[in-house]
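For what it's worth, our numbering labels the leading residue of the sequence shown as 8, then goes sequentially.
No lab work stands behind these hints, which were simulated from the structure alone.
There may be inaccurate statements among the hints.
Stated by the list, open to error - Below, computed lysine-lysine pairings styled on DSS-like, alpha-carbon distance capped at 30 Å:
{"id": "1", "residue 1": "118", "residue 2": "178"}
{"id": "2", "residue 1": "178", "residue 2": "74"}
{"id": "3", "residue 1": "183", "residue 2": "118"}
{"id": "4", "residue 1": "21", "residue 2": "11"}
{"id": "5", "residue 1": "84", "residue 2": "183"}
{"id": "6", "residue 1": "118", "residue 2": "11"}
{"id": "7", "residue 1": "21", "residue 2": "183"}
{"id": "8", "residue 1": "84", "residue 2": "154"}
{"id": "9", "residue 1": "183", "residue 2": "11"}
{"id": "10", "residue 1": "11", "residue 2": "178"}
Claimed, not checked - Pairwise CB distance ranges, derived in the manner of DEER restraints:
{"id": "11", "residue 1": "18", "residue 2": "73", "range": "36 to 44 Å"}
{"id": "12", "residue 1": "33", "residue 2": "125", "range": "18 to 26 Å"}
{"id": "13", "residue 1": "41", "residue 2": "171", "range": "37 to 45 Å"}
{"id": "14", "residue 1": "64", "residue 2": "12", "range": "38 to 46 Å"}
{"id": "15", "residue 1": "41", "residue 2": "168", "range": "28 to 36 Å"}
{"id": "16", "residue 1": "65", "residue 2": "173", "range": "36 to 44 Å"}
Model, not experiment: these values are computed from the prediction.
Each residue gets a CB set at the ideal place from its N, CA and C atoms; glycine is no exception.
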Amino acid sequence: MSIKSDRWIRRMAKEHGMIEPFESGQVREGEGGRLVSFGTSSYGYDVRCAADFKVFTNINSAIVDPKAFDETSFVDKQEDICIIPPNSFALARTVEYFRIPRNVLTICLGKSTYARCGIIVNVTPLEPEWEGHVTLEFSNTTPLPAKIYANEGVAQMLFFESDEVCETSYKDRRGKYQGQRGVTLPRA
Numbered sequence: 008m009s010i011k012s013d014r015w016i017r018r019m020a021k022e023h024g025m026i027e028p029f030e031s032g033q034v035r036e037g038e039g040g041r042l043v044s045f046g047t048s049s050y051g052y053d054v055r056c057a058a059d060f061k062v063f064t065n066i067n068s069a070i071v072d073p074k075a076f077d078e079t080s081f082v083d084k085q086e087d088i089c090i091i092p093p094n095s096f097a098l099a100r101t102v103e104y105f106r107i108p109r110n111v112l113t114i115c116l117g118k119s120t121y122a123r124c125g126i127i128v129n130v131t132p133l134e135p136e137w138e139g140h141v142t143l144e145f146s147n148t149t150p151l152p153a154k155i156y157a158n159e160g161v162a163q164m165l166f167f168e169s170d171e172v173c174e175t176s177y178k179d180r181r182g183k184y185q186g187q188r189g190v191t192l193p194r195a
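Using the sequences plus the hints, can you model the full thing?
This is the structure:
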């Protein structure tokens, strides 16, 4: 298994629609000035966060249960900036839609800009032949409110190509998150 370079990422995006929309270089400037970078990097792809957020709330005193998730645990926000309360959590999604090849495993890591502010990004691996918008999990580990900027870089995807094709892919298993669009909550 080997990590893939910027050339491979550009080729796979162009020939196979692996990432849409796709930015072939690193974008650091926008209309409003400096951005948290996104696009192709040396050995990965920096994804953007869409302006759709679900921020945890304890207003309804719900219990977080992955087998019976209560949607009233969240407040929906559609804004360019999301404020995550201290020691709290929010869900979002990538702007980009992914189509992972059958011989590729994709791992996501948070960007250092957010990590240095106490904001942890968690995403489970994107398995072979999974496709969809990636649901992003943001944890604010600080005692202060934290900002997440929509349409800017929030995490980096690393692509690992195997020298052999997997026997059973996510698509073969009919995974419950296949083809997800928007922010997707837990499914039992």
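Results of checking the hints against the structure:
Between residue 118 and residue 178 the CA atoms are separated by roughly 29 Å; this keeps the pair inside 30 Å, and the hint holds. Proximity of residue 178 to residue 74 is assessed by CA-CA distance (about 22 Å); at most 30 Å being required, the pair is judged to hold. Simply put, residue 183 and residue 118 have alpha-carbon atoms about 28 Å apart, close enough for the 30 Å limit, and the pair holds. Taking the CA atoms of residue 21 and residue 11, the gap is about 15 Å. The hint holds against a cut of 30 Å.
Our distance criterion of 30 Å between C-alpha atoms is met by residue 84 and residue 183, whose separation comes to about 25 Å. A hinted pair counts as satisfied when its Cα atoms are at most 30 Å apart, and residue 118 with residue 11 qualifies at roughly 18 Å. Using a Cα cut-off of 30 Å, the hinted pair residue 21 and residue 183 holds, with the two alpha carbons roughly 27 Å apart. At most 30 Å may separate the alpha-carbon atoms for a hinted pair to count; residue 84 and residue 154 meet this at roughly 13 Å.
A hinted pair counts as satisfied when its Cα atoms are at most 30 Å apart, and residue 183 with residue 11 qualifies at roughly 27 Å. In summary, the hint linking residue 11 to residue 178 is supported, as the alpha carbons are separated by about 22 Å, within the 30 Å threshold. At roughly 37 Å, the beta carbons of residue 18 and residue 73 sit within the given window of 36 to 44 Å. About 25 Å separates the C-beta atoms of residue 33 and residue 125, a value consistent with the hinted range of 18 to 26 Å.
Our hint of 37 to 45 Å for residue 41 and residue 171 holds, since their Cβ atoms are close to 43 Å apart. The hinted range of 38 to 46 Å is satisfied by residue 64 and residue 12, whose Cβ atoms lie roughly 42 Å apart. The hint said 28 to 36 Å for the Cβ distance between residue 41 and residue 168, and at roughly 33 Å that hint holds. Between residue 65 and residue 173, the C-beta spacing of about 41 Å keeps the proposed range 36 to 44 Å intact.
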